[in-house]
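Engineer: Please build the complete structure, drawing on both the sequences and the hints.
From first to last, the protein sequence lines are chains A and B. Residue numbers for the first sequence, in this note's numbering: 5 to 477. Residue numbers for the second sequence, in this note's numbering: 11 to 130.
Among the hints, a few may not be true.
Pulled a few chain B residues facing chain A out of the computed Cβ check, cut under 8 Å [claimed, not checked]:
no.	residue
1	W58
2	L71
3	I106
Just a sample of chain B residues kept apart from chain A, beta carbon distances all over 10 Å, derived [to be verified]:
no.	residue
4	D28
5	A30
6	A109
DSS-like, lysine-lysine: derived pairs with alpha carbons at most 25 Å apart [said to hold, decoys possible]:
no.	chain 1	residue 1	chain 2	residue 2
7	A	K382	B	K74
8	B	K78	A	K184
9	A	K210	A	K417
10	B	K78	B	K65
11	B	K80	A	K308
12	A	K308	B	K78
13	A	K184	A	K299
14	B	K65	A	K299
15	A	K412	B	K74
16	A	K210	B	K79
17	A	K308	B	K79
18	B	K74	A	K308
19	A	K417	B	K65
Keep in mind that the hints were calculated from the coordinates and are not lab data. Quantities reported herein were computed from a predicted structural model and do not represent experimental measurements. Note that CB positions come from ideal geometry on N, CA and C, so glycine has one too.
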Amino acid sequence: MLDAITNFLGTTGIAYMFSAESDTQWWQYLIMYVIVGALFYLAIVKKFEPLLLMPIAFGMLLANLPGAELMHLEFFFDEYYISVEGGQLTGTLSAHMTNFLGTLSSSGLSNLYTLTEDSLIFNLQDLSAEQLASFNSLFDFYLGDAAAISDGVVHIRMSHIIKEVVNNGGLVDVLYLGVKLGIYPSLIFMGVGAMTDFSPLIANPKSLLMGAGSQLGVFAAFMFALLLGFTPMEAGAIGIIGGADGPTAILVTKELAPQLLGAIAIAAYSYMALIPIIQPPFMKLMTTEDERKIKMTNLRPVSKTERIVFPIVVAGIVCLIVRDAAPLVGFLMLGNLLNVSGVTDRLSKTAQNELINVITIFLGVSVGATANAANFLKLETLFIIALGLLAFIISTCGGLLVGKIMCKVTGGKINPLIGSAGVSAVPMAARVAQDVGRQADPSNFLLMHAMGPNVAGVISSAVAAGVFLSFFR
Amino acid sequence: MFGIEDYSKPIVDFANFDIAQLGNALLFGASILLIGMVTVFSVLCILWLFLYLFKLLFHELPAKRAAKKKVAPIITSVDKTTEEAYTDDGEIVAVIAAAIAMAESEHSGMKFRVVSFRKV
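Structural biologist: Take a look at the structure:
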C-alpha cells in the first residue's frame, strides 16, 4: 500500500519538477507561473486584449506543467532530426545520414561534404547536371522521405515533421501545426478583412502614405536588433512587432525564427493592448496644439462598386509585387470581398465570428505553449520586449512625421494626429487618434479620418513582412 | 548581398567583438531599412494611383453623367431618382443624427432629442 502511494507520488508533476529528469529547474517553473499570472491579470482585470492574451497565457501554463509534455517544440526544428555536436551527427535521422555519408566516402566522393565541429555542409556547386542527379538519387534513397537539400544545407520535410507530431506529439503539437503551416494567421486575416471597412481609405487614398510611414519602426528595430547581436532572420521577426499586427508577426516569426515565437507573440499582443498608454505622449510631443485642433472635411461617399473592386485590385497588385505577402493580403482581401459583395453574407458572418473565434483559441494556445521556461527565460526575451517597444514608438513617430509633412503640403487640411493610426492595431490606434484630437478640441471628430491610415497600416505591415520573407526565408 | 549570405548567423559576434562588425551590421541594417521603406512606399503609391482612378471612374464620371441627366427635362426619371434617394431610412437617420451631434457640439446650450422617424 505504502509502495503504491510512493509510486503514485513519484509520478506527479511536483515530483517531476524537482527530479533530475526535468531539464528545467524548479525556480524556472515558478518564474513562468508568475509571468502567466501577470498575463492573466492583464487579460482579466485590466481587459488588455483578453481574447488573445487569455489563450496565450493558458497555453504558457500548459507548456510549463512539469511532465505533461503537451508541446514538443523540438519536433518543429531541423536540429531535432539532424544536428552536429562535436563533429558527431545526432538526432533521430542521424543513422540515415551516417549511412549516406558512408556511401559517399566509400565511393570516393567525400569531397562533396564538409563535416565540422558544429555543421554539415554539402558542396554541390561544381557538380555537373549528371553528377548532381546521381547525388540526389542517392540522397533520396537514404533520406528522401524525410529531408531535402537546399543551398547545401539539409532541411527536414514538412511531411516528416507532421508524421513525427502525429506519432509522438501531444495535443498542442497538433494545434501548433496550424501555425507551422501558416494556416491560422491567414484565416485570422480573412476574419479581419470581413470586419474591416476600407471606405475611409478609398475616400482618402493619401492616408496610404501614413500607413507606409508607420513601417519605419519595423525596419529601424530590425537594425537595432542586428546591433544587439541577433541574426538577420531573428532581427526581421523582432522588427515586425512594430507593425502592431499579431498574425503578421506570428507568420514572419514562424518562418524566420520559430524559437522566438512565444516572446515575440506575447510582446506584439501586449503592446497592441497598451497602445492607449504608449502612443499619446509621443503624439503630443510631435504635434503642436494648433495642429491637433485641425478639423478635417467630411470624406466623400464611396460607392458599392468601388468597395467591391478595391479588394480584388489590392490583392492583385500587392501579391504581384511582393508575392511573399500573398498569404496575408490575399486572405485579408478575400474576407473583405465576402463582406462587401453582399452576396455571401453567410460566409462573411462565419469569417468574422465563428471561424475567427475558433482560430483565435487555437492560435493563442499553441503560440503561448511555445513559451516554455527553457525557451523563454533568456536575456534575449528582455531584448525582444525592449526592441518591440522601441519599434512601436518609432512606428508611431514615423506615421506622425508623414502626417506632419502632409499637413504642411496640404496647407493645414490634414490633422497630423491621424498619422499615428498608421500602426495597424485596428481600430484601437484610430480611437487613440480620436481621443487625443478631442482633448485638444472637444468638437473634433477624427475617427473616420484615422481609420484610413489605420487600415493602410494593415496592408503596409503585410508588405513589410513580405519584404523580410523575400530577403531571409 | 552586402557580403552577408548566411542569414542564420549573427553579424555582431560579442564573443570576438570588433568595431568593424558593428559598422557592418549598421550598414546592412540601414540598407534593409532603405530598401524596405522604398518597397513599402512604392507598393502603396501604386495603390494610391489605382484609388485615384477609382475616384475618376466610379465617383466623378457617374456624377457628371448624373448632372447631364438632370439637365434633360424628363420629369419621371427625376422623380424616380428622388424617390430612390430617400428610401434609405438608415441614411436619413444617420444624416439627422450627425446634424444634431454637430449642433450640440457647436451650441452647447441647445438640446435636441430625436423622438421618432417618419417616412416621407
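Engineer: A separate judgement is required for each hint: does it hold in the structure or not?
Structural biologist: Right, here's what the structure says about each hint:
Checking B/W58 against chain A: minimum C-beta separation of about 5 Å stays under 8 Å; hint holds. A hinted interface residue such as B/L71 counts as satisfied when its beta carbon comes closer than 8 Å to some beta carbon of chain A; here the least separation is about 11 Å, so the hint is violated. A least Cβ separation of about 16 Å between B/I106 and chain A goes past the 8 Å threshold, and the interface hint is therefore violated. Every CB of chain A lies more than 10 Å from the CB of B/D28, the least distance being 13 Å, so the non-interface label holds.
Against the 10 Å criterion, B/A30 stays outside the reach of chain A, whose nearest CB is about 13 Å from its own CB. Annotated as non-interface, B/A109 keeps its C-beta farther than 10 Å from every C-beta of chain A; the closest such distance is 12 Å. For the hint pairing A/K382 with B/K74, the CA-to-CA distance comes to about 64 Å; that exceeds 25 Å, so the pair is violated. Taken as a hint, the B/K78 and A/K184 pair is broken in the structure, with Cα atoms around 58 Å apart against an allowance of 25 Å.
The straight-line distance between the Cα atoms of A/K210 and A/K417 is roughly 12 Å, inside the 25 Å bound, and the hint therefore holds. Distance restraint check for B/K78 and B/K65: the Cα-Cα separation of roughly 19 Å lies within the 25 Å cut-off, and the hinted pair is therefore satisfied. Taking the CA atoms of B/K80 and A/K308, the gap is near 22 Å; set against the 25 Å cutoff, the hint holds. Our distance criterion of 25 Å between C-alpha atoms is met by A/K308 and B/K78, whose separation comes to about 22 Å.
About 46 Å separates the Cα atoms of A/K184 and A/K299, which puts this hinted pair outside 25 Å; it is violated. With a C-alpha separation of about 23 Å, the suggested pairing of B/K65 with A/K299 holds against the 25 Å cut-off. Between A/K412 and B/K74 the alpha-carbon distance is near 31 Å, which puts this suggested pair outside the 25 Å criterion. Between A/K210 and B/K79 the alpha-carbon distance is near 31 Å, which puts this suggested pair outside the 25 Å criterion.
At roughly 21 Å between alpha-carbon atoms, A/K308 and B/K79 fall within 25 Å of each other, so this suggested pair holds. About 18 Å separates the Cα atoms of B/K74 and A/K308, which keeps this hinted pair within 25 Å; it holds. Restraint check for A/K417 and B/K65: satisfied, since their Cα atoms lie roughly 19 Å apart, inside the 25 Å limit.
Comparing the model with each earlier hint shows violations of hints 2, 3, 7, 8, 13, 15 and 16; every other hint is respected.
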